[in-house]
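K.L.:
Residue numbers (our numbering), protein chains in the order written: chain Y, 1 to 259; chain E, 1001 to 1556.
Incorrect hints may have been included.
Taking CB as the label site, the calculated pair distances span [as the list claims (entries may be wrong)]:
no., chain 1, residue 1, chain 2, residue 2, range
1, E, ALA1139, Y, ARG208, 15 to 25 Å
2, Y, VAL32, E, SER1312, 53 to 63 Å
3, E, ASN1242, Y, GLN164, 33 to 43 Å
4, E, SER1002, Y, ALA200, 52 to 62 Å
5, Y, ARG189, E, HIS1433, 44 to 54 Å
To be clear, the hints were calculated from the coordinates, so they are not data collected in a lab.
C-beta: ideal position from N, C-alpha, C; glycine also.
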Amino acid sequence: MLEHYQKNGFFLQEVNPTLKLFSVLIVIFFMVPVFDPWTPLLMLIITLTLIIFLGGISPGFLFKILIPFSFFAFSFIWINVVFPSDRGDTVLFFIGSMPVALENVLTGLSLGLRSLLFISWSLLFVLTTEPTKLMLSLIQHCKLPPRFGYGMMAAYRFLPLFRQELEQIRAAHRIRGLGEPRGIKDKIRESKMVIIPLMAGAIRKAERVAIAMESKGFDGSRERTYYHAVPWTKKDMFFGIFLFILYAGLTAIRVRFVI
Amino acid sequence: MSYLNIHNLTVSYPFQRKKVLNGIDLQIDKGEKLLILGPSGGGKSTLALTLNGIIPKSIDANLSGTVTINGKQPLKMNFREASERVGILFQDPDTQFCMLTVEDEIVFGLENQCLTKEEIEKRLENSLELTGLTKWRMAQIKDLSGGMKQKLGLACLIAMDPEILILDEPTANLDPASTEEMFQLFTDISRQLNKTLIFIEHKLDDLLQHMNRTIVIGGDGTIMADGHPRDVFRHHYWEIKNQGIWIPQICKAAKTAEENGQVWSKFPLSIEEFKSEFISSPKVQRDQSQAIHALQGSGEQQMPLLQVENLSFSYNDHKVLNNVNFSILPGEFAALIGPNGAGKSTLSKLFLRFLKPESGRISFFNREIGDLKSRDLMQKVGYVFQNPEHQFICDTVEQELAYGFKILGWGEDKWKERLKELLHQFRLTDHRHHNPFSLSQGQKRRLSVATMLTNDQQLLILDEPTFGQDHINTKVMMELLKTLNQKGKTILMITHDMELVAEYANKVILLNEGSVAYEGDVTTLFKQKELLGASSMKVPISYTLNRLTREMEGVI
Chain Y
1 MLEHYQKNGF FLQEVNPTLK LFSVLIVIFF MVPVFDPWTP LLMLIITLTL IIFLGGISPG
61 FLFKILIPFS FFAFSFIWIN VVFPSDRGDT VLFFIGSMPV ALENVLTGLS LGLRSLLFIS
121 WSLLFVLTTE PTKLMLSLIQ HCKLPPRFGY GMMAAYRFLP LFRQELEQIR AAHRIRGLGE
181 PRGIKDKIRE SKMVIIPLMA GAIRKAERVA IAMESKGFDG SRERTYYHAV PWTKKDMFFG
241 IFLFILYAGL TAIRVRFVI
Chain E
1001 MSYLNIHNLT VSYPFQRKKV LNGIDLQIDK GEKLLILGPS GGGKSTLALT LNGIIPKSID
1061 ANLSGTVTIN GKQPLKMNFR EASERVGILF QDPDTQFCML TVEDEIVFGL ENQCLTKEEI
1121 EKRLENSLEL TGLTKWRMAQ IKDLSGGMKQ KLGLACLIAM DPEILILDEP TANLDPASTE
1181 EMFQLFTDIS RQLNKTLIFI EHKLDDLLQH MNRTIVIGGD GTIMADGHPR DVFRHHYWEI
1241 KNQGIWIPQI CKAAKTAEEN GQVWSKFPLS IEEFKSEFIS SPKVQRDQSQ AIHALQGSGE
1301 QQMPLLQVEN LSFSYNDHKV LNNVNFSILP GEFAALIGPN GAGKSTLSKL FLRFLKPESG
1361 RISFFNREIG DLKSRDLMQK VGYVFQNPEH QFICDTVEQE LAYGFKILGW GEDKWKERLK
1421 ELLHQFRLTD HRHHNPFSLS QGQKRRLSVA TMLTNDQQLL ILDEPTFGQD HINTKVMMEL
1481 LKTLNQKGKT ILMITHDMEL VAEYANKVIL LNEGSVAYEG DVTTLFKQKE LLGASSMKVP
1541 ISYTLNRLTR EMEGVI
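This is chain Y alone, in the form it adopts within the complex:
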């Protein structure tokens, strides 16, 4: 599913990964001085619209990912209402004997929406960027040494293998009569027993892959050609202009209404 989205050829998929990565940083910087809930709300709506219409991601799939994060965001509101640094004066209603103040709800809302915004902008990046393209772009445009770039790719391939192996180890241990771990002490003991075979396997695998890569003439240097160049295209220009207008516009609105 993820791979399918990453290369479905919509607008965002065609934008240079380096630019997209940079845009994630811009969002974070832009949001630092923002404390009202309206700016992150507006931004969040814009982001989700971008992901759905310019990234071709199905809304159902997107919201399914966002649900657990929404709980996380809601916890900000809760914390700000229950443990505010300064309890606001505009009391809306009481939960039991605890007053709920508008100011605290708004701060919580702002923080919660902000976290959701960061998450959805990261999703915009992750859901529309092929790992291989990201790696190539980082090497070609950001001076990342190929040694690390290709090393990261090799490691990325192993992630699903690790999960599989972890399941097998657990299964094998249960057969030995270990049963499900109960309590913290048991869990620590279990993780120790799982980690050793997992590490042993990982080191062996890493060594083999390294040998295989070197046998194919890889020496980690920049002295290599690229079959797939990750280009800068008009789409990057459009995306850049869009980002500029978005932030300029938001700043203008904020200057007028908020401050």
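We have chain Y already, so just place chain E on it with the hints.
P.N.:
Using the frame of chain Y, we list chain E on its own:
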């Protein structure tokens, strides 16, 4: 001057006294098809990695003597130059790639060689074509089967166009159907490209006739024999056999015939050659017929230890098991076979209760699997996983074995004797204080089986017991299982090695496309060519040979 010259090459690893290679002298010309044999740990893979300079550049080793390829030493080449001369296909399909798609992986090597985009495009298409992977150009590597991955490995090498291709046990982890496909590919490639091919020992009965030279490296790291496979297997047969080195089935049969008076003008390397010269003699001994023992008769109304009835299971909407029925009776040595994707691993997950049957039932000792407590099940059934390391939970071999006893609440006086017995039986006494992870592959495998017998379990289920094991460890392991079976243990092994099935099993269950296609004795199955073909299984060569000798005798 030959293309590849090795002079007085000696290699040893740090902290190891033993010389892995000891004074090797070897000249190899362009276009030779070479087979290297030797016991495990006998320096075959070391030799391969020395040829492209990985040893000693990346793997620390003490090396003396010289290697030159086309007049240049690998030691003085950078990795790119080495990759233009020597390409290696490794054994494990999962750990020789670093990219995500087929195209990217092939391109990776070509980019390392600093080729232009046009050249890369040309070579990429050409190698995809040669290996039949054109349709999979954009496929994710993780979605490919083991056989396809090895094809991709080969495609990468062909694209890089080295003069020497080294194939280091490339089919050791593949099922029979994929193995055969790979062999076909190797033969085609060697014919079309006329590269120098160096094969490192594995079961290559079918390829033998295409080899024109065999080198045997002994346990001491020296060259024991060097020559045409006909001469090597004819004149050095016993030396090779005594080293525990794999010998092609055809040569075994030919040698046996020779001892019984057969005179070969041309020592056979293929069934055709065998057939054309073989004259049966009444003295011919058949050790095969006694290996395939008939089922222990009598057995009326024996209670099955394992019974599977009308079992079905699906993942999502995909039916993996469809109305599966079979049973394992006490004393049987059964093999569960079938092509990849036939449902073998799903079945074993159901045995282990990691999955619940959709319908139907599985019973052990006449009790439904769902009703048994984990503890009861554990005491009666031993299950050995494919990777022995996964099962280890203690710091020493002894503790590992004692763990099972302790969990049952036995006192030390009660299990001390039994522990000693197990250590002895599985040849682990000398290693009792070692960490399980520091054992050799064969020892690890034996320990993992031993841990499953601590409670005198009656039924032992083994998932690919010889996976990743070399010839001699396989032999030791299987003989052990045979002894256990003769002492009354019931064994069910999941395997795709048909030679093992022919030699050891007395019952076989063939699973194909989610249902049992055959259940019964081994010889009857081998006669059903169509059934085997339909499930991508293959009659082992030893059986074919055996049939042949008998038929010939029948004629005369």
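K.L.:
Would you say the C-beta atoms of ALA1139 (chain E) and ARG208 (chain Y) sit inside 15 to 25 Å of each other?
P.N.:
holds, 22 Å
K.L.:
33 to 43 Å was suggested as the range; check whether the CB atoms of ASN1242 (chain E) and GLN164 (chain Y) agree with it.
P.N.:
holds, 40 Å
K.L.:
Against the range 53 to 63 Å, how does the distance between the Cβ atoms of VAL32 (chain Y) and SER1312 (chain E) compare: consistent or not?
P.N.:
holds, 58 Å
K.L.:
With respect to the beta-carbon atoms only, verify the hint that ARG189 (chain Y) and HIS1433 (chain E) lie 44 to 54 Å apart.
P.N.:
violated, 22 Å
K.L.:
SER1002 (chain E) and ALA200 (chain Y), beta-carbon distance inside 52 to 62 Å?
P.N.:
violated, 41 Å
Hints 4, 5, counting from the list given before, are not met by this structure.
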